[in-house]
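Novice: Residue strings, one per chain:
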Amino acid sequence: MGFESLRRSLLAGERVVAFTRADGAGLGARMLVWPDGRAEGELGEADLDRKALALATAETLPATGLREIEGVEVFVETFEPLPQLFIVGAVHVAIHLVHFARRLGFRSVVVDARSAFANAERFPHADELIVEWPADYLARVPLHANTYCVFLTHDEKLDNPALQVALEAGVRYVGALGSSRTHAKRVAALREAGLADGLIDRIHAPIGLDLGGRKPEEIAMAIAAELVAVRNRQAGGER
Amino acid sequence: MLDILPDVDRWRADGQRVAVATVIRTVGSSPRPLGSKMAVSDAGSIAGSVSGGCIEGAVIEEAQSVLEDGLPKRLSYGISDEQAWSVGLTCGGEVEVLVERIDG
Chain A
1 MGFESLRRSL LAGERVVAFT RADGAGLGAR MLVWPDGRAE GELGEADLDR KALALATAET
61 LPATGLREIE GVEVFVETFE PLPQLFIVGA VHVAIHLVHF ARRLGFRSVV VDARSAFANA
121 ERFPHADELI VEWPADYLAR VPLHANTYCV FLTHDEKLDN PALQVALEAG VRYVGALGSS
181 RTHAKRVAAL REAGLADGLI DRIHAPIGLD LGGRKPEEIA MAIAAELVAV RNRQAGGER
Chain B
1 MLDILPDVDR WRADGQRVAV ATVIRTVGSS PRPLGSKMAV SDAGSIAGSV SGGCIEGAVI
61 EEAQSVLEDG LPKRLSYGIS DEQAWSVGLT CGGEVEVLVE RIDG
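Going down the list, the protein sequences come from chains A and B.
Here the first sequence is numbered in this note's numbering, starting from 1 and rising by one per residue.
Here the second sequence is numbered in this note's numbering, starting from 1 and rising by one per residue.
Incorrect hints may appear among the rest.
[Claimed, not checked] Taking CB as the label site, the calculated pair distances span:
id, chain 1, residue 1, chain 2, residue 2, range
1, A, LEU104, B, SER65, 31 to 41 Å
2, A, ALA229, B, GLU68, 42 to 52 Å
3, B, GLY52, A, ALA25, 30 to 40 Å
4, B, GLY52, A, SER115, 43 to 53 Å
5, B, ARG10, A, GLU192, 30 to 40 Å
The set of hints was computed from the structure by calculation and includes no laboratory data.
The C-beta atom is built at its ideal place from N, Cα and C for all residues, glycine as well.
Make the full structure from the sequences, and use the hints.
Specialist: What follows is the structure, encoded as structure tokens:
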């Protein structure tokens with residue numbers, strides 16, 4: 001069933017579309033297609049295979065669900081790579097946030113220039129731990145629409161230049177820790193640095209949904225809740 | 001899929017056979033979205049889920065025969081289905097599941 005290839009792709013964070021025949025005749029026959037046109041397996045009919053290949057290499061990937069292709073019922077399943085969460089600031093809140101993020105299906109990368117904070121002893125569960133000036137790091141890695149950035153350092157020298165990189169790259173979510181007063185100062189500094197108001201307005205600050213907590217784990221939970229709400233395109237309030 | 005991988009990897013490393021059930025169709029309110037998966041080992045361990053707990057028992061039973069003969073099965077559970085009542089599909093929807101054995 002192409003399990004091993006699928007497994008490898010998912011762990012490598014690749015996009016892949018799986019086509020599985022759901023009709024009586026060929027139940028379970030599977031073809032995997034990568035958006036670059038590579039394919040593995042077949043559905044048993046040349047026309048069907050060709051159509052599947054076209055669907056999986058189109059501009060917009062097909063939604064997961066049953067569909068009829070060439071008169072045959074096929075279960076189409078699009079696997080997207082995990083969303084990336086960059087946590088700038090290896091602070092206490094970040095330790096809890098990494099745990100929540102992992103359970104919630106985010107791949108987390110913790111970045112801090114200070115190795116006393118950013119070390120494996122404090123962050124055994126981070127998918128990556130980077131000791132580097134955050135702005136430099138964010139400027140050299142791919143940031144995209146499936147990227148979430150959280151700024152927790154409380155140090156504008158570390159936060160602000162990195163914030164600017166994330167906002168200009170058009171990532172999905174940018175949140176920054178700090179009170180409304182801290183944020184007002186930050187906004188002024190970012191304007192001073194030449195950042196457009198339209199981009200500055202995208203910062204979620206104060207960060208997180210309003211859960212009312214002050215403890216690091218409560219703040220981390222509020223941030224995690226906001227990440228999930230954004231991922232699900234919800235405002236995140238009471239039902 | 002990623003949620004069941006750690007368990008599936010461990011079972012396979014132990015030499016167990018593993019079947020995977022996937023939600024391929026839902027009608028009405030259903031607790032798990034399309035593509036949700038549950039893995040079942042021949043030792044009876046499970047990982048993941050295909051409903052809020054209503055049909056898991058029945059699917060696990062069906063998975064045993066899939067593990068035996070390797071033939072995939074498409075299963076249907078819904079309120080119009082006698083069996084669904086007996087396994088307690090209280091969510092009131094309809095769920096279809098594809099069960100297959102991992103063969104490489």
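Novice: Next, verify each hint and record whether it holds.
Specialist: Hint check results:
1. A/LEU104 x B/SER65: 31 to 41 Å: 35 Å, holds
2. A/ALA229 x B/GLU68: 42 to 52 Å: 45 Å, holds
3. B/GLY52 x A/ALA25: 30 to 40 Å: 32 Å, holds
4. B/GLY52 x A/SER115: 43 to 53 Å: Because 45 Å falls inside the window, the suggested range holds.
5. B/ARG10 x A/GLU192: 30 to 40 Å: With Cβ atoms ~54 Å apart, the hint is violated.
When each numbered hint is compared with the structure, a violation occurs for hint 5 only.
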